[in-house]
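In order, the protein sequences belong to chains A and B. 76 is the number that the working numbering gives to position 76 of the first sequence; each next residue is one higher, with no gaps. 147 is the number that the working numbering gives to position 147 of the second sequence; each next residue is one higher, with no gaps.
Bear in mind the hints are in silico, worked out from the structure with no lab data behind them. Using N, Cα and C, we set each Cβ at its ideal position, and we do this for glycine too. Hints are not guaranteed to be accurate.
Unchecked claim - Chain B is faced by these chain A residues, among others (derived, beta-carbon under 10 Å): (1) Ala21; (2) Val36; (3) Trp41; (4) Ala45; (5) Val68.
Unchecked claim - Some residues of chain B that are not near chain A, with every Cβ distance over 10 Å (derived): (6) Asp5; (7) Glu34; (8) Asn58; (9) Leu122.
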Amino acid sequence: MDVTPPKDLKELFTGFLAIGARSFGGVMPWAHRTMVEERRWLTQADFAETIGLCQFLPGPNIGNASIVLGKRWFGVAGSIVAFLGLMALPFIWVMALGVLYLEWASDPVVRAVVTGVGATGAGLFMGTALKLGRALVNRPAALVLVAVCFLSVGVGRISMLIVLPVSAAIGIFFARRGWL
Amino acid sequence: MILADLALTFGVLSLIAFGGMPAVMPEMQRLVVEVKAWTTPAEFIQLFAIAQAAPGPNVLICSLIGWRAAGLPGAIVALLAVCAPAAVLSWWVADLWERFKESPWRIAIQRAIAPLVVGLTLSGGFVLCTPSTPDWRLWTIAAASATAFLTLKINPLWILAAGGSVGAFLL
């Protein structure tokens, strides 16, 4: 497949603007559609590898992807332009919705609907976790780590600043022994 | 000063958000609601709902929290703070990561982090639908949503819409 990376900062900006503006229900599918299918900035494999790296790094995945891709094409300026393009419209949408919500927050029905959406979003996170967890079901050591994280952070409400370093150290120990 | 406090809090969250925003929600909720009291537990889930329903990255929940804590400047500071440290790290690591592709340490780190992301993302969902005292209605909605997500191949926006309608009757 022929790829044509963005030729200038303007094209980079409008591309990321298009991703942010349309990304109802999750950004990744729209990032794929815009960059791989419509604008052909990079190949499918390249996209998957970049996203894989950004999912591994801490921080917002798609935010990191805008930094990494912007850097690849135009250096620091590219990173900044891609990031701003990505966030500009969603920031306005979410603030507008926030203001609108505050106007109506005293209405019990509105509050119930919004809380229902929140619980649904929480369920989507759990669904995502279970989907990712399917790859680990045959590895008892991995399941132990999943349970430790869930019980300490989710149920026990212990700070991740404590749990993360400890469980990462155990994880790396397990992985070096070939248990993961 | 509250803007500095927002910057520091969300800056720390940025660097521990392995697996993205879902995995760092437990710590965000703990800091924002329990430690700093920028929002109530009930308001936290509502701000999360708004960020999920609006188009765009789910990291925008941070600007809503910043906005409730310190207005528009708070919204901008919180968003930049949660993105910048991770962005700087991505900037440096992207090339390094490629160079160590075959390194046994890179492989070990990747394998170690996968189960943590699963456990923490699960925690994120659990914490969000358990605002203060356990509420079976929120758990039911969350369980139904997770099931729908895993079995139906539809845009998650439809699941959110259905959950909101159920909420109108149940909550």
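Hints violated by the structure (listed by number, smallest first): 2, 3, 4, 7, 8 and 9
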